[in-house]
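Undergrad: Below are the chains, spelled out letter by letter.
Protein chains: 2
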Amino acid sequence: MSQEQLYKIHFLPSGREVEIQGGQSFIKAAQAAGIHINASCGGAGVCGKCRVILEKGTVEGGRSDKLSPEDYRAGYRQACIATVSGDATVTVPEMSSLKTGGLSTAVPVRHRAAMHRFDIQDLRKAGIFVPPVVKLFLELPPASALDNMADAGRIILGLSNQYDERGIVTSLPILGKIRKALRDDNFRLTVTLAHPVNSKTKTHLINIQPGNWTSRNFGLAFDIGTTTVYGLLLDLNTGKVLARHGDYNSQLSYGEDVITRIIHAENPAGQEQMQEMVVKSINSCIDHLLASAKPAAGKKKGKITRDEISSITLAGNTTMTHLLLGLEPDNIRRSPYVPVTTFVPPIRAADLNIKLPHHTVALLYPSISSYVGGDIVAGVMGSGMYRTDKVTLYIDIGTNAEIVIGNREWLACAACSAGPAFEGGGITHGMRAANGAIEDFSLNPATLEPMNITIGNQQPLGICGSGLLVIVATLLENQVIDRSGKFNRQLDTPRIRPGRSGYEYVLAWKDESGAHSDIVINEVDIDNFIRAKAAIYAGVKTLVEEVGLAIGDLEQIILAGAFGSYIDLDSAMTIGLLPEVSPDKVIYVGNGSLLGSWMSALSNHIRQDVVDVVHRMTSFELSEVPDFKDQYVASLFLPHTDIALFPATGKRLGASATETKA
Amino acid sequence: MSQEQLYKIHFLPSGREVEIQGGQSFIKAAQAAGIHINASCGGAGVCGKCRVILEKGTVEGGRSDKLSPEDYRAGYRQACIATVSGDATVTVPEMSSLKTGGLSTAVPVRHRAAMHRFDIQDLRKAGIFVPPVVKLFLELPPASALDNMADAGRIILGLSNQYDERGIVTSLPILGKIRKALRDDNFRLTVTLAHPVNSKTKTHLINIQPGNWTSRNFGLAFDIGTTTVYGLLLDLNTGKVLARHGDYNSQLSYGEDVITRIIHAENPAGQEQMQEMVVKSINSCIDHLLASAKPAAGKKKGKITRDEISSITLAGNTTMTHLLLGLEPDNIRRSPYVPVTTFVPPIRAADLNIKLPHHTVALLYPSISSYVGGDIVAGVMGSGMYRTDKVTLYIDIGTNAEIVIGNREWLACAACSAGPAFEGGGITHGMRAANGAIEDFSLNPATLEPMNITIGNQQPLGICGSGLLVIVATLLENQVIDRSGKFNRQLDTPRIRPGRSGYEYVLAWKDESGAHSDIVINEVDIDNFIRAKAAIYAGVKTLVEEVGLAIGDLEQIILAGAFGSYIDLDSAMTIGLLPEVSPDKVIYVGNGSLLGSWMSALSNHIRQDVVDVVHRMTSFELSEVPDFKDQYVASLFLPHTDIALFPATGKRLGASATETKA
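Just so you know, the sequences run in chain order A and B.
Counting along the first sequence from 1, when you hit position 388 you're at 389 in our numbering, and nothing is skipped either side.
Counting along the second sequence from 1, when you hit position 211 you're at 212 in our numbering, and nothing is skipped either side.
Hints are supplied without guarantee of correctness; some may be wrong.
Claimed, not checked - Result set (DSS-like, lysine-lysine): computed pairs, CA atoms no more than 30 Å apart in a straight line:
| no. | chain 1 | residue 1 | chain 2 | residue 2 |
| --- | --- | --- | --- | --- |
| 1 | A | Lys203 | B | Lys201 |
| 2 | A | Lys203 | B | Lys178 |
| 3 | A | Lys178 | B | Lys356 |
| 4 | A | Lys178 | A | Lys301 |
| 5 | A | Lys281 | B | Lys178 |
| 6 | B | Lys201 | A | Lys201 |
| 7 | B | Lys356 | A | Lys356 |
| 8 | B | Lys201 | A | Lys178 |
| 9 | B | Lys203 | A | Lys203 |
What the hints assert, rightly or not - Computed footprint of chain A on chain B; a stretch qualifies when at least three of its residues, placed anywhere within it, have a C-beta under 8 Å from a C-beta of chain A:
| no. | stretch |
| --- | --- |
| 10 | 136-150 |
| 11 | 166-178 |
| 12 | 191-204 |
| 13 | 334-342 |
These are calculated hints, taken from the structure and not from any lab test.
Keep in mind it's a predicted model, so treat the numbers as computed, not measured.
Cβ coordinates follow ideal geometry from the N, Cα and C atoms, glycine included.
Starting from the given sequences, assemble the full structure and let the hints guide the process.
TA: If you want it as structure tokens, here you go:
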């Protein structure tokens, strides 16, 4: 597909060039090149301000009623609705760029974290591609008068002789299948073994089939998120992902966050309902995965059936895990925040009403505490953080931010209650990262006119978390707001004005927006945002110092969660959300929970390491650390009261920074 | 009760004296004293031959229409219906004893095996009174802001700190109870732990109750027999038996032996039916046990409920175990006789539909092979055979006889198909050991008149196994039959006559019997009996020689099963059923299966030893031992072709033995 191909877009007069995927808008191309184009309407062709002139090459679209036929023939295009479809050279005219000196159109190029990708070869090379559940083929000597050992004993002896598998136990339902399975193909059979998570537990013989079915051994890996449920169908022999599917967690109809779910679960029958809902989502996901997977190749071909699924590995936060297991979550939301359990014994998927056969084992990621759950543990495993030498900060930002600091030798964790600002909550025009959300932004320093980039190239409806981060950082860098988040009331632009919640900046006028009003960001919004980032930064700093280090000792940052993939790292450091490190030392792992679940499903070594990691991890309850409150107050500045913690930002902010500090 | 008291009965003119329980008949007293009294009718006062004269003391009853009022006043009593109710001296008149010289009334005194009784003190002294399932009381620090460990982790830490219990796992249903149980009595709680059968398995936390309930921990021990189901209710804290109950195995309606049960189980739904039937019997037994048990004493009083039963230990033969577990038994009856399994994983009683709570563990005795089952293993454990230094023969005689030979160092076993002769099957007037069965017998050597002793002092209806043994031995010792089991056709008595199945001896004439015909034993009966005893003796001798010993190396015999308590040891050795050893080296353990089950329920050490015993035990398939057939043929003589194997019997039989041998 052309959308996956990269094209070169050359911008004049700055001469900057960018490589960008086909199908992207020219606004995004400009942003990627670090070029500001006025674009209030966010990419719907409404305001007509974002004109560029096509000099060479091809552009798709870019024609609107804001553009006369003459202009169009002269090469003018609306950058927001013009999409990249080949190499091109365009001029950003003065009208758009409002040139004020040679640097006028230069805006910061975004640095996003490098994507960490899981490669099965890494497991192979490390010799740890051994799924917890394996199928082995046995050819046994048929019973005879001189060898009339019991059927079960014959299999156990065969496993010992042929595979050096010892210490096997089985269950009554399997014993009930042994007699027939042994004889249906003359003592040639396939056994499914679930290996233990530690040496103090036995290997379980969980299934038995006549004949050789070793080539058909499949597993599922799931992330059970508060919002979404994601699943992978895996070939446990090759490690390949055969299908992937995500869907909303049906529990959403009972509230968006874990607290409302817990409250609902406290109603009579509420807990059962919550379990049913999430299991419904998992079952529906499995349906999709099986329907969309291609028939497996190899000797035994054909559609993958439920019966061929040997394991399902699941990771979720502590509340999701409790609700899935049918455990009372109420103490999770009540001080002193005690979960029922952090470890989950090996269970059968069928015991959770997951529509899988009796033999399928369900492996659940253990949690650390009420607010550092299995999703985070999975992320620590999946990202490889627990094996690195570097002092690493792992952070998953959502309503709560979970923080882990450490390396292969030690690990410490905590959860910060950031509030919903990063998900658009508590912000006047905040919204989730959906179509119409301003996700990127730049400012013409001379005119203070905005370039809004929205999701889906639509008229702006509001601001999502990553947009908010860039907007605040940009306003700060351009000294439109000061380090306490207050607007410079001296600036001469209609976009800055007093409003009901202090001063505000108009991102899009009513007629440019998709909403019924101007889209603004005001001082109360910024204050809420600062509180959110302060909670996270204070959490990180407190944790670092509790383990006897300084913030400067952090050598690497791993971002997880949906938010992490979109945030502009410079902005995040400018406003003091993340500690300052070189952007190339930041890694994004995406859905860390799914990643860990996936890797555990393919490597019993990793699954075994989980237990060790959980035991090694020191959990801090920040509210109980005396220093945390002071850290939080000190963080209620942009980027921080102590600008020395952010030397690069301090340099950029220059005199004004010092001024605000005074 | 007077029946439990012992009285002295003095017999004239022989001067013999015996101590006997009140309530017994004078016929039994005479037998116990080794005195013959003619008594064809077996104790119903019909034949009127068994007169004795009361010289001194008291006698209850003994009056019938065979006795004139004058005779009664003169002290005459019918010995069969006169019961002991105090010390007494009686004369056995010539008419009854048919005195022929001074020794005429002397018959062998019976030697029965000494009863082995289980004493909980033995376990205490050995330091192994530690039931597999224990209750422990925990007082835990309540959760607080500085100690907000998960509920499950708090319990596990408490078990480690307070009881040094480590490596605990639990299950989802228990996790579901933890939150409430911890808080209902402020973090004071009772946990029930099921300890593992070996160190490669973890301890299971199977129940949790708020408060201290350690004083109420109960267990069940069961023998699942082909005919009967026996159960004990045990206090796991004191080791006391609180109730005992036995009932028929409901499967009886589908046939009396394991083979007919297996055949029924092969019908559609037959296997399920068989499981339902035996579980019904177990459930009914539990009902009785709970209803009849006295309320437990101690701090927490009150009726014992199902919820307080922590474990049920069961032992049965391989077929009964398969049927209880719902496993296909069909290969047990088909060469090469392969059971589905010999070991049974730990299961929940509720999984077998036994009406016990979810947490109750069911511990099943492992089997050795298709015909040496968990009942025999339990007997080996319960009798202590596996701990003795003496070379021991353990034997359980029924339709099949199971034989174990060995000591603490080695064990070997085999099963012999004896046929039903010892249970009265295949014998013209054979019957089970029920009322009216001739269970003991002696012969007046001069007149060849019988003294029949029947169960329940009733007119004879037939012959049970122990009676048959004594009859054949007595006929042999009196040279009424020869060593090949043929009658001496020269003897002048109407009781010996040709019949449809060779010659026969009339035990009771029609009018003396409770049947509609004469009760006889004929040459075909004796032949069947000889085949049965030959199979067993040949099994024992083969097994002994397979392990490199001679029959004379046996130092001890342990008898198990109902039959064992009744057999006269001298008779058993006279006819060559048991090897000749001194009767005081024979021990009777009764229901060995129940005994072993009982001991395992109270001692996890013994339960752990079971695994070792089963692994150490060498199982022989007699049909596959070339020597067995010859041994069997050599045993088809009374007592054996090689009389040197039975020196005492040889001496008793004297010249006639030599004669037959020639």
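Undergrad: For every hint, state whether the structure bears it out.
TA: Evaluated hints:
1. A:Lys203 - B:Lys201: holds, 7 Å
2. A:Lys203 - B:Lys178: holds, 26 Å
3. A:Lys178 - B:Lys356: holds, 25 Å
4. A:Lys178 - A:Lys301: With Cα atoms ~22 Å apart, Lys178 of chain A and Lys301 of chain A stay inside 30 Å; holds.
5. A:Lys281 - B:Lys178: holds, 24 Å
6. B:Lys201 - A:Lys201: Distance ~6 Å between Lys201 of chain B and Lys201 of chain A Cα, so the pair holds.
7. B:Lys356 - A:Lys356: holds, 28 Å
8. B:Lys201 - A:Lys178: Roughly 25 Å between the alpha carbons, so the hint for Lys201 of chain B and Lys178 of chain A holds.
9. B:Lys203 - A:Lys203: holds, 9 Å
10. 136-150: It holds: at least three residues are needed, and the stretch 136-150 of chain B offers 7 whose Cβ sits within less than 8 Å of chain A.
11. 166-178: This one holds; 7 residues, not fewer than the three required, reach chain A with a Cβ under 8 Å.
12. 191-204: holds (count 3)
13. 334-342: holds (count 7)
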